[in-house]
Amino acid sequence: MLEVRDLRISFRTEHGRVRAIDGVSFDVAESEILGVVGESGSGKTISLLAVMGLINDPNAVIEGSIKLRGRELIGLKASEMRKLRGREIAMIFQDPMTAMTPVYTIGWQIAEQIMVHERIGKKAALARAIDLLAEVNIPNPREAIERYPHQLSGGMRQRAVIAMALSCNPALLIADEPTTALDVTVQAQILDLIRKLRRVHKSAIVFITHDMGVIAETADRVMVMYSGRVVERGTKAEILLEPRHPYTKALLDSIPPLEGEKPRRLKSIPGSPPSLLDLPKGCSFGPRCPSRFDKCAEKPPLEGGAHAAACFLKAAP
Amino acid sequence: MLLALIRRFGQMIFVMFGISVLVFLIFFVTPGADPAARIAGRNASPETLEAVRKSFGFDQPVWVQYYTLMKKLFVTQDLTSFVNRGWKVVPAVIDTIPVTLSLVIGAAVLWVIFGLLVGLIAAATRGSWIDKSLMALGLIGCAMPVYWLGEVMNLITQSRYHDSWMFSWVPPLGYKPLTEDPKGWFLTLVIPWITLSILYIGLYGRVLRANLIEAMQEDYIRTARAKGLSETRIMLRHALRTSLISFVTLFGLDFGALVGGAALLTEVVFGLQGVGKLTYDALQNLDLPVIMTTVIYASFFVVLANALVDVVYILLDPRVRSA
Amino acid sequence: MSDAVASLRVSRGPWATALRRLSRDKAAMVCLAVFILIVIVSLLAPAYASWANTDPFRSTLDATVMIDGQEIPVMEQSTEGLGLGYTPIGPTWELGNYFLGADNQGRDVMARLLYGGRNSLLIAGASTVITILVATIIGLAAGFFGGVTDTILSRILDVLWAFPVYLLAISLSIVLIAHGIDLGLITLEAGSLWLPIFIIGIVYIPYIARPIRGQVLALRRSEFVLAAIGLGVPEHRILLRDILPNVSTTLIVFVPLMLAINMLTESALSFLSIGVQPPDASWGTIIQDGQGLLYTRPWVALAPGLAIALTVLVLNVLGDGLRDALDPRSKIRLGGD
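Protein chains in written order, with this note's numbering: chain A, 1 to 317; chain B, 318 to 640; chain C, 641 to 977.
Derived by calculation from the structure, the hints in this document are not laboratory data. All figures in this text were calculated on a predicted structure; none of them were measured in a lab. The C-beta atom is built at its ideal place from N, Cα and C for all residues, glycine as well. Please note that a few of the clues may not be correct.
Said to hold, decoys possible - Here are the in silico distance ranges between beta carbons for each label pair:
hint, chain 1, residue 1, chain 2, residue 2, range
1, B, Lys405, C, Trp834, 35 to 43 Å
2, B, Arg477, C, Tyr726, 19 to 27 Å
3, C, Val679, B, Pro378, 27 to 35 Å
4, B, Ser362, C, Gln717, 20 to 28 Å
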């Protein structure tokens, strides 16, 4: 349902043109959960913001193709894009503390979204808001719609944000690290909730995270990003059990295993992600890669069909 | 919330007390000259000086003097001027209040409307030439001394271009009471309103623009965009609504300060017999009882206005309200 | 994104970065140049007066002036009404020769404008120094030591802050202006320039001291100060080495804004005849002198007002530029997180 082809995003800055996204392609099928993994600055958030049409920096240049159910989104008129946002594609952001306007009640903010997209009265919209809050397991939804964001706990607030995102039954839901800012126990509840909602609403979900553990619990398919490129993609089992790209392997090595003997020390990836201003020639993971060899001075293509990796080593692992 | 209100009220009473003590200290205890001589005005006769001493109890301990002054100001309200013998000051000050209120309220209406417009338009078109020219005009508006601008206005509307079609309607300087001559009231006040509001339009436009642009960087604006709201709606319902809190606070402070004396310069230039003009005339005569009265009453008004602003603030911001 | 962008920034010392940013701000640089020019021209006042051979502090009702080879009296007999009044000569637009005309005492307005500028700038500058010095001391003491010190200082600031600025300035001026003040150590004569300097310096103290106190309070609770206290670093050292440098950026941003506000306040007080006392001049007193001549010789009042507006304007732009240069929040922002 979502087809992204050769997406390239760059910014004109005082230091020259900075390429943030360099030829990213991916698909999302109907009611599928795609996990997008990568460190901060890998471009995972910004490529999905492009899908939302939410990069409104005047210095941004966006090229490539983004098709939602066959409809091209790049170059779409702002007013058309606005009609899609919130109705066809919804987004949940990382920090529920700041995600809602502080001076309006939860109910008002959910009803506002419904009323913008549908011909519906305020009373009916508020009634829907109550149903939605009940659906995301907020106790006493009738009272909750009268509450202001600051009166709810972080977990409750994130539920309210999710309820708002679901209010128009979007075909695609983009969740940008929705659990990162929350306590571990609350995280698990929110993940449960998202899985349940996928079953009920049949929405496709793009789940952005830096946490392989979260991926293991939620995703159907996984895409790993590094400095503005896709370095590996495949099914969850393929990525978790037979990773091909050294970066994916390194990410998996950096989480503690749930079973078996605990390693004495978790492995960390040496070095830090390269500056976008000064990307290395060839493979951008090259400088940090333990298995680097002379061929890595060239840019590796993403090859290998359904389970693809952008690494010259993949043929001989 | 009730506790917050009570605490705010207590603070207001404390500040009023502090101001009254400060005024007393400035006028009665400042070293340098005999306070009786100050209060009696220029070239006062020995009899007048003696009367002042007796009236304010300068032979008594300091705290009795303070008590006497406060009683004269607020209880018996019989403080008299010694420059204009026997003139009761407190009623005279109260009589001038409608003039000052007429001036400040009209100007406030203008500056709120145009301040909002300037701030919103500049924020919505930020970076464009519209934004830049509005901000440049705002800077110029903030930089001009208000009394000088008033003189320039008088020069244009009363003298140089008074005979042209543009300004022939401008009546001579002065004030006409609203109840006797509504049309005259309005016409005489139009130019003073514009003059006084220009400074504040510049100031409020700039402050609001900065607040709006800051608000537009907040996470909840991104959520609002993700909801599919129009930019106009985001600006008016989300960014403006949150910026309005500081706008209202600023407005309350400035409105209070203007009624409490800052409109003085405008009143002087346009010959409006308000509280400020009364103070000005007293300054020229060194008529201290009048100045003490206007200072105390006006400061109390400002303190009261500030307390009201805080109450409105509590009502406007749900975060403060439930705290 | 922000991490990626953060790594783009070349990190240098905060002051060097701020200076570099400020020097790239064209508007601020132009305004700085204009302000320096205004200061220099004002300082040249005595030179101008001696070159123009005029005494800007003495009434000269019977002086004459040569224009186009003709000798014309500076004070012309009024032709209107009974012909009893005098009208001073208007602008000749000839430098050194009643360029802006004369005021109602026959004094060269241009020369007085320069002397007035010198006083206005002096008062604005000196009162800014007083405000910032006293406010910093109060803010540091209240914020750092807390407890009773803080309570007392904060309550005094509350009262001063709530007292409307103009009313406080008027109260102080009217009491002091006629008789001066004698505090034992310091004696200020009536009519001294130091009276308006002190009055203006005092009334704005709470506007600086309150934010400084807040900032110091936050710094006092910050980890690096707590660590320094834990290590037994003496208090005065923490104040000077850790806290003062951190509040100094705030103080620097305040300087041009305070100069502008103080200049407006001085001119207003002088216009109300409770600031600079005759025969001394300031831009405010010249506007007042010009009030009576407004319809006949408008330039007497127009010129000093324009001078104030220009000076305040460039100071405000400079203040904006400084704030943008020193405020770490004003970095370039890109879309995304």
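Now for the hints, and whether the structure bears them out:
1. B:Lys405 - C:Trp834: 35 to 43 Å: Since lysine 405 of chain B and tryptophan 834 of chain C have Cβ atoms about 37 Å apart, the given range 35 to 43 Å holds.
2. B:Arg477 - C:Tyr726: 19 to 27 Å: Between arginine 477 of chain B and tyrosine 726 of chain C, where Cβ atoms are some 22 Å apart, the hint holds.
3. C:Val679 - B:Pro378: 27 to 35 Å: Violated - the Cβ-Cβ distance for valine 679 of chain C and proline 378 of chain B, about 51 Å, lies outside 27 to 35 Å.
4. B:Ser362 - C:Gln717: 20 to 28 Å: Taking Cβ atoms as reference, serine 362 of chain B and glutamine 717 of chain C lie about 40 Å apart, which means the hint is violated.
Hint violations for this structure: numbers 3, 4, all remaining hints satisfied.
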